[in-house]
Amino acid sequence: MTARARTARWRSFLILLGVVVMSSWVVAAQPPGGGTTGPPGGGFDFPEEEEEAPSWSDDIRAQAVDIGLVVAFSALAFTSFFRKSVTLKYVTLVASVVYIGFWKSTLLSIVNVFGLFGGNLPIFRYSLAWYLLAAITVVSTILWGRVYCGRICAFGALTQLMDRVLPAKWRFNVPRAIERRASLIKYGILGATIVYFIITGNPGIYPYVEPFWLFGLHLRTPVLLTMLVSLLIATVFVRNLYCRFLCPLGAFLGVLSKLTVFRIKRWSECKTCKICEKACEWGAIRGPEIIMTECVRCDDCERLYEDTKKCPHHLIIIRKADILARRAASPTPAS
Amino acid sequence: MKRLVVFLAFVAGSATLLDAGGQSLESRLKQLFPAATSFSPKEGDPPHFTAYTGGSTSKTVIGYAAWTTEILPLERGYGGPIAMLLGLDTSGKITGVIVGEHHEPYGDFSIDPPKFAAMFRNKDVRDPFKLGEDIDAVSRATITMSSAVRAIRNSSRRMARQFLTAPTPPSK
Chain P
1 MTARARTARW
11 RSFLILLGVV
21 VMSSWVVAAQ
31 PPGGGTTGPP
41 GGGFDFPEEE
51 EEAPSWSDDI
61 RAQAVDIGLV
71 VAFSALAFTS
81 FFRKSVTLKY
91 VTLVASVVYI
101 GFWKSTLLSI
111 VNVFGLFGGN
121 LPIFRYSLAW
131 YLLAAITVVS
141 TILWGRVYCG
151 RICAFGALTQ
161 LMDRVLPAKW
171 RFNVPRAIER
181 RASLIKYGIL
191 GATIVYFIIT
201 GNPGIYPYVE
211 PFWLFGLHLR
221 TPVLLTMLVS
231 LLIATVFVRN
241 LYCRFLCPLG
251 AFLGVLSKLT
261 VFRIKRWSEC
271 KTCKICEKAC
281 EWGAIRGPEI
291 IMTECVRCDD
301 CERLYEDTKK
311 CPHHLIIIRK
321 ADILARRAAS
331 PTPAS
Chain Y
336 MKRLVVFLAF
346 VAGSATLLDA
356 GGQSLESRLK
366 QLFPAATSFS
376 PKEGDPPHFT
386 AYTGGSTSKT
396 VIGYAAWTTE
406 ILPLERGYGG
416 PIAMLLGLDT
426 SGKITGVIVG
436 EHHEPYGDFS
446 IDPPKFAAMF
456 RNKDVRDPFK
466 LGEDIDAVSR
476 ATITMSSAVR
486 AIRNSSRRMA
496 RQFLTAPTPP
506 SK
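The listed protein sequences derive, respectively, from chains P and Y. Position 95 (the first sequence) corresponds to 95 in the numbering used here; numbering is contiguous. Numbering-wise, the numbering used here comes out as the position in the second sequence, counting from 1, plus 335.
Think of the hints as simulated: they come from the structure by calculation, not from any bench. Any given hint could be a false lead.
[Unchecked claim] Cross-link-like lysine to any residue pairs, in silico, SDA-like; alpha carbons within 20 Å at most:
#	chain 1	residue 1	chain 2	residue 2
1	Y	465	P	126
2	Y	450	P	216
3	Y	465	P	66
4	Y	465	P	56
5	Y	465	Y	447
6	Y	465	P	128
Whenever a hint applies, use it, and build me the whole structure from the sequences.
Laid out in structure tokens, this is it:
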């Protein structure tokens, strides 16, 4: 793609984003339709709640801004994903921390997994933006893997940004053998919390297994604050510690990602080459295999595959072409 | 080992969550109707309590109270139903709202603070009850807030329709 074509695409993408956000504002600003005014006169003869509730279009209008923002944010996240762009990925991560995290706190949560078991999901009609985000998460996990974990989740975005900003020399690389075992802890937590929920019927366990309340900082009990601070300090040294080893929602999506349809391709050279395995921040590559349950589709290895200066696949092809060209140039056989 | 630590954290956490019990029903009803001298047991359809003044011989009804979850069992927020005890006087004004049991993750900064319940005191059932208009919205807790407001609005209207007689005949 030429530079000009790229700028043009960029521009059209930004315009599209703008249009989505603007139109949702416009829809939201429309005055509500008739038939939803208060009850007549001074009496209490309200019609049934069901009839009296605002019409669907009023409900959609009331939620238009949120829906538009979810669409715009997802468009950004998936553009960064499909274009394998590093810059756009970091834009997405910042947007996630700001919008999904501090502004709306609409992170999916283990509470929603409990909801699946207890039939306690929010009411569809009044929570359209949330359902849209949940649907995008489930569908993208089945199609490509844990894209949600890698770019949409605000806590994951926060720890990835931390990793980017903090000096690399502070980082402690967990030995592979320990990493492999530690990545199973999250499944243990997922199972234990679900069992706990089924027995007690109380989802109140969530702040003890999820640090997402940090975005509202509202549960300031000493125990929880200690847990949160120690998790954040540990994350300084072990990158993405929570996502890789502890997150029960990530474990749930990990189970879903077993179904992943479009997997990352591997060259035949990947059997012996270790470049991607070493580069993977998530410990998701073991020899020739990509462990889909650990992979969050960060694109680091996919960018390496396309790097003709680093990936042996290209190096070998280039070397071969080079030798053939040299042979063609000098007809005398090499001694 | 790590799992054990996590498990212990669970136990500690659940213990702290569970002993956050509530006050007695009697004191809650009294809070909604300070002037009441007696309350009926829960009765009728939808289930409600009736508040009376005066002695046992000359009782006057001054209002009604009910759990929103018993009037609208299908209403739910982010983590399930939000139980709220709702008081309504005979003129169709809400005397108070007491937030009871719920499992909303963002409840502690949206519906738990006294500020939330206070917004409904003396509100007329004919008011619009719209988030961001006559009710303050809370960022980060949209689903919880809208569910709680819907529950209060629809429950109070249902109670008014069922138990109250209009003070003035309809104007038209």
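| task | Provide an ascending list of the numbers of those earlier hints which the structure does not satisfy. | result | none
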